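Colleague: Counting in our numbering, the sequence shown runs from 1479 upward without gaps.
The hints are simulated quantities; they were obtained by calculation from the structure and are not laboratory data. In this text, all values refer to a predicted model and were calculated from it rather than measured experimentally. Take the hints with a grain of salt, since some may be wrong.
Derived EDC-like pairs: lysine to aspartate or glutamate, alpha-carbon spacing no greater than 20 Å straight-line [said to hold, decoys possible]:
(1) 1529 x 1544
(2) 1482 x 1554
(3) 1595 x 1623
(4) 1528 x 1505
(5) 1528 x 1510
(6) 1535 x 1510
(7) 1535 x 1554
(8) 1595 x 1547
(9) 1529 x 1498
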Amino acid sequence: MQSKARIAIFASGSGTNAEEIFKRFKDHPAIEVVLLLSNNPGAYALVRAKKFGVPSKTFTRQQWRETHDVLGWLREAAVTHIVLAGFLWLVPSYLVQAYPHRIINIHPALLPKYGGKGMYGANVHEAVKAARETETGITIHLVNERYDDGAILFQTSCAINPDDWAEKIEKLALEASSFVDVQVTKGLSLLTVRHYTKEVFEKLTEGKKILLRQQTPETIQLLLQ
């Protein structure tokens, strides 16, 4: 019997996406969130983790760049995969090498257009507004040693008005991020999609073998290979 995937979440701020992940995988048969790590001692994500009984730790820039403290904590918790959910620092090479193709980032915009250094939080949504875009969304991608540069796993978008305030664009992007969770483990992808359509279903399953499918009128969960 395959053991559970053990996820660590990295967050720098409020932890809205982190809480969605806590909720989605609470008592899940195949996935467990075992640790939340933050570079910000005042991050509300730490409060959310405590509410769900998820252990948490904070670290300094020196610990992140010059020591292997963080990697040690991950190994102590037997973490198998990492999700960056609103985490602002560049991931160092030693961590990418320790978790190859097992670090995923949730980026609050459509890549590659709105990514790179400095493209986080309100900066992203201000850039979308300044460009008078008619859509925004989220991108879930693998992480490498460069900002927002890894292979894209999934994107979902929603329409916006070019005259919308940046705060509204941020809200719409956040709503888009609740449509799908992706966890890649040992050649398998586990996806939970809400408000799905036939087109979304076909895009997600193209070229893949469906091992397990469970669905309701509003939600579908797929185990793909």
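Colleague: Can you list which hints this structure breaks, lowest number first?
Modeller: 1 and 8
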